[in-house]
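Enquirer: Residue-level listing of the chains:
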Amino acid sequence: MAEQKITLDQVRHVAKLSRLALDEERLGKFSTQLGSILEYVAKIGEVDVTGVEPMAHALPIHNVFREDVVEPSLPLEKVLQNAPDSDGPFFKVPKIIGGEEDSAG
Amino acid sequence: MLAFDTLLAAREAIRTKKISSTELTRQALSRIDCLEPQIMAFNSIYPERALQLAKEVDDGKRTGPLAGVPMALKDNLCTSYGTTTCSSRMLANFKAPYDATVCKKLEAAGAVIVGKTNLDEFAMGSSTENSAFKTTRNPWDTTRVPGGSSGGSAAALAAGMCCAAVGSDTGGSIRQPAALCGVVGLKPTYGRVSRYGLVAFASSLDQIGPFGWNVPDVALLMNVISGRDPKDSTSVDRPVPDYLKQLDQPLEGVRIGIAREYQSAGGMDGRVKDAVDAAIRKYQDLGAKIVEVSLPHTEYGIAAYYVIAPCEASSNLARYDGVHFGHRAREPVKDIIELFSKSRAEGFGEEVQRRIMIGTFALSEGYSSKYYLQALKTRALIKRDFDGAFEKCDVILCPTSPTPAFKAGEKTGDPLQMYLCDVFTVTCNIAGIGGISLPCGFTSGPKPLPIGLQLLGPTFGEEKLLRIARMYEMATEWHNRRPRLNEN
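Sequence order for the protein chains is E and L.
Residue 96 in our numbering sits at position 96 of the first sequence, with consecutive numbering throughout.
Residue 155 in our numbering sits at position 155 of the second sequence, with consecutive numbering throughout.
Just so you know, these hints were derived from the structure itself, not from any lab.
Certain hints may be false.
[To be verified] Restraint ranges, calculated between C-beta atoms of paired labels, are given here:
hint, chain 1, residue 1, chain 2, residue 2, range
1, L, Lys95, E, Ile96, 45 to 53 Å
2, L, Asn93, E, Gln4, 40 to 48 Å
3, E, Ile96, L, Pro97, 52 to 60 Å
4, E, Thr32, L, Pro241, 17 to 25 Å
5, E, Lys95, L, Glu350, 46 to 54 Å
6, L, Glu391, E, Gln4, 38 to 46 Å
7, E, Arg12, L, Lys289, 32 to 40 Å
8, E, Asn63, L, Glu299, 56 to 64 Å
9, L, Asn486, E, Asp85, 45 to 53 Å
10, E, Glu53, L, Glu299, 18 to 26 Å
11, L, Gly266, E, Gly28, 28 to 36 Å
Ideal Cβ positions, reconstructed from N, Cα and C, are used throughout, including at glycine.
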């Protein structure tokens with residue numbers, strides 16, 4: 001490999017950004033695999049894109065509007081039917097304020 | 001065996017009372033019962049519901065162009081009944097609160113949905129081996145994969161467990177399993193079919209499409225599922241033609257494009273090349289003109305795809321947080337971030353995690369212009385290549401997959417090798433055009449494996465694409481072959 005595309009530390013950082021709590025074994029495996037995938041995809045760097053506009057979407061659609069009409073929403077019990085934990089009309093989660101990563105945003 | 005195993009034959013038999021929908025649905029369910037241990041195509045089946053729908057057809061209460069025909073849905077399409085799992089632990093118990101537009105349209109047309117089929121988790125894969133639940137087997141040789149990600153839909157059809165099926169295609173996920181299972185599969189132009197209720201993988205590439213034993217079956221399904229949907233703002237408001245109407249009338253002066261760059265694609269199996277070359281000669285015999293075209297950015301297709309698709313996936317899959325729905329880690333956590341991170345680590349399989357990581361990396365500060373932006377610009381050039389080619393030809397012909405079905409386990413150790421399976425299919429999604437795979441031959445030997453021919457057409461060119469595919473089909477017999485399976 002000419003140039004290391006991603007280091008183990010970067011893989012650890014990306015896992016954190018991805019909100020994936022991976023163990024060291026998985027991180028090590030991914031660092032090799034992501035390295036070879038990134039090595040392969042980096043060949044797009046060879047493409048001369050001078051003056052080419054990025055194409056985010058296959059269709060030239062921009063804003064699609066509809067009439068501002070109120071339609072029925074999903075009933076509350078349907079909204080909550082898949083919730084891992086709920087309390088009355090709320091989704092229930094562990095405390096959000098005061099954790100270590102409180103300021104991580 | 002199903003007494004009538006194709007969509008149009010089954011529909012006709014039910015209409016003319018040669019068989020009742022109840023009887024045909026029973027046959028499909030019994031076939032699933034017998035063969036499921038070998039094929040493992042289904043994540044869930046709905047016998048009672050299916051028989052109830054069939055009875056309504058037989059009682060004359062349900063009518064429509066698909067009335068009474070047993071069909072299967074890929075398990076990433078939301079249904080208001082049963083589960084919608086995406087073959088992921090994350091959604092193992094997920095009950096969708098609504099029906100995908102496609103599912104609604106199929107049932108409104110009278111289809112009898114027998115079950116929901118296995119896939120690579122969140123549609124990420126080319127073999128169905130990334131399912132969290134099971135590996136679907138190829139009905140032509142059960143030591144081999146059916147392709148993916150819609151491998152369950154392709155295998156269920158090929159094994160005669162239903163008369164037609166629906167899947168989704170983000171980089172080849174309908175066409176490649178169709179090729180490997182010896183059936184016809186169409187990836188429509190982006191925007192032709194509503195994506196509402198399709199669990200999102202890569203929103204600018206995903207498209208729902210049909211599987212059938214032949215081109216008319218696929219055309220009929222396109223009549224039913226196409227069209228603008230107010231619930232999907234990327235579905236396009238264009239009239240839906242009757243794709244069946246002129247299907248059997250051969251086109252005069254068809255120009256078939258052969259891309260120079262596809263000839264030199266690496267990893268091509270000689271048997272695939274021979275079958276595709278024979279298909280080119282067949283088109284010549286039918287009066288088509290073969291023209292050479294150039295798609296200069298072909299070699300960058302997979303690289304661009306494996307940046308764009310993971311980037312979109314990393315964003316789309318951010319919604320699985322263990323809070324609103326889906327898997328939640330049960331061990332105590334110190335805060336909400338840990339809850340997200342543990343739930344996602346437990347709920348997602350390796351390939352999904354890998355793609356989220358690639359996408360997150362390629363979008364991260366310092367790398368996004370090198371990877372994501374560069375991939376989007378490459379995408380524009382790939383689209384431009386196709387636009388240029390379609391000025392010279394009506395369709396582009398190439399293999400669907402560089403190889404026939406490979407052995408289960410053969411490519412699971414090396415993700416990059418698996419990605420390279422998609423060499424002929426990804427550019428169609430990148431450019432947003434339509435593509436169809438149809439059988440064009442078989443390997444020799446005691447267990448012949450199907451080989452798929454791919455035709456790519458311009459944006460919203462499905463009518464012509466299907467007719468040109470049908471010309472070949474009418475002149476060949478490949479689509480009439482069926483795998484031999486033992487019903488134990």
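Enquirer: Please write out, lowest number first, the hints stated earlier that are contradicted by the structure.
Expert: Structure breaks hints 1, 3, 4, 5, 7, 8.
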